[in-house]
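Colleague: The chain contents come next:
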Amino acid sequence: MPSLEQWQEWGAQCAAARCAPETRAALHLFGWQRFGHYARRARGEGVAGCLPDAAGCWHLLEARLVTGRSRPGKAYKRWLFDRTAGGGEPLDAVQGGASLLLRSVVRDFLRREAPRPATVSLDAPLEGVEGRLTLADLLPAPDATGAEPDAPRLAGAIARAAFDALDVRARLLVLAKHLDLPLYHPAVTAAAGTSRSRASEIWREAFERLAAEARRACPDEDAGGRLRLCLLAAPELARLIFQWARAEKSAAPVFRVAEEQA
Amino acid sequence: MKPERDPPPGARRLAAWLDEWHLERRLQAADPDAPPARRAPIRYPAPRAGAAVRAGQIRLLPPATPATAARPVYVAVLAPAGPERWQVAPFGRFATPALPGEYATRRRALPLSVLCAWNAGVAGAALLRASYPAGRLTAAERRACGALLAAAGGGAPPPADVARRTGPPLVHPLDPRHAYVEEERALWLEIGAAAAAPGGARPFDELRLAAEEPEGRYGKKGSGG
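From first to last, the protein sequence lines stand for chains Y and F. Quick note on numbering: my numbering labels position 113 of the first sequence as 219, and the sequence is numbered without any gaps. Quick note on numbering: my numbering labels position 84 of the second sequence as 74, and the sequence is numbered without any gaps.
Hints listed in this document are in silico derivations from the structure and should not be mistaken for laboratory results. By construction, the Cβ of each residue, glycine as well, lies at the ideal position given by its N, Cα and C atoms. Please note that a few of the clues may not be correct.
Under 7 Å between C-beta atoms, here's a sample of chain Y residues computed to sit facing chain F [as the list claims (entries may be wrong)]: (1) PRO178; (2) TYR182; (3) ARG189; (4) LEU206; (5) GLU233; (6) LEU289; (7) TYR290.
Starting from the given sequences, assemble the full structure and let the hints guide the process.
Modeller: Here is the structure:
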């Protein structure tokens, strides 16, 4: 691993190629080990054969992060060394920062070297996405909502059932999002009495509840039809919650933040 | 057998973005030694010589909050937003635009691939003076950002040449981009908290010097924020 002095030598030079041979070798080894570690964890052992050599890994970092030819183009180096001001061991701060930089370079490398197939499957479940969602679910055709004459009435009933089933905490989080507030805003999480990480889950569960109500209301409808109803019902649910919140004491802090941010 | 369907507009771009998102999740779980994000804000670095802030600049924020220490966050300085305040828009962490308010710049530099107009906010001049100049917006990027901000504010939709380079609409409540939006918005929550913290805007070079003195001017260790 490079020593702090070797990192500093690289920081002062425009590239590892201009550093002393020992420094260059240490940087290349660091880059190669981190690059391989990340790539294998992201894409499996099979990726090892297409990875660059040690000098290539380091070159990718220097080439992909530079934002211009002059010195300001290498501002990322100053960012890296200023991480040491946050406390702790300077070498750990620099090394940890360099790992984070390499992580983004590896992501970019894998995206470009192992790109997605040219054809996009609309109906295949998306990898790494909860709930077996498909691209067709996420990008419904613009005319997909409200085609059936009875849809608005059904969507209203679904929204009402979901509203009745949601607790105050979930309603407040849906309200916050409806008012375009960050779910992680301290005033929002405090009003809802929850943590940052849990806030996203509760918000998500509110719409899973909506989907469950759609299944209950329309058991014979296919998945596409239920999705259309849910997309109609979602704004109606937000409207019901907004109406409720205007007379709800616990919603006052959420409205206050919205006013401050307006 | 299901009939072939034309993919809706943006499907390919959304698939590419989801691929990046998924890769990012796996890579985060694979960190060998990256330190965990700090809970408390640290200090801003001292202002840099010749660091006058101007509209059109691209600046790299100092690693002064968990979000800005976790990756280099570049921002485009858009316009003054009052005394000692500037409207800025961050560049995103991915190479593919996620949302209609994100614009693919087509720059070669990975950290400047996507300009996130939707996440524009107001930054204090102290923070920007402590940031590192890193380049300039092109005229096309300024125009695109202006058009996206206007559209987000209820104005006309962006022109076709801009819209072509933006992400697909966010419709589904369970779309993973909602999680991404919340993560990205945390940048501003942290910057606000850092500025509001006692000593939050104190230059950390000054604190470092003080800590080296036998009788620190700022009292006991840790009281400097």
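Colleague: For every hint, state whether the structure bears it out.
Modeller: Consistency of the hints with the structure:
no.: 1; hint: PRO178; result: holds, 5 Å
no.: 2; hint: TYR182; result: holds, 5 Å
no.: 3; hint: ARG189; result: holds, 5 Å
no.: 4; hint: LEU206; result: holds, 5 Å
no.: 5; hint: GLU233; result: holds, 6 Å
no.: 6; hint: LEU289; result: holds, 5 Å
no.: 7; hint: TYR290; result: holds, 5 Å
Against the hints set out earlier in the document, no violation occurs for any number.
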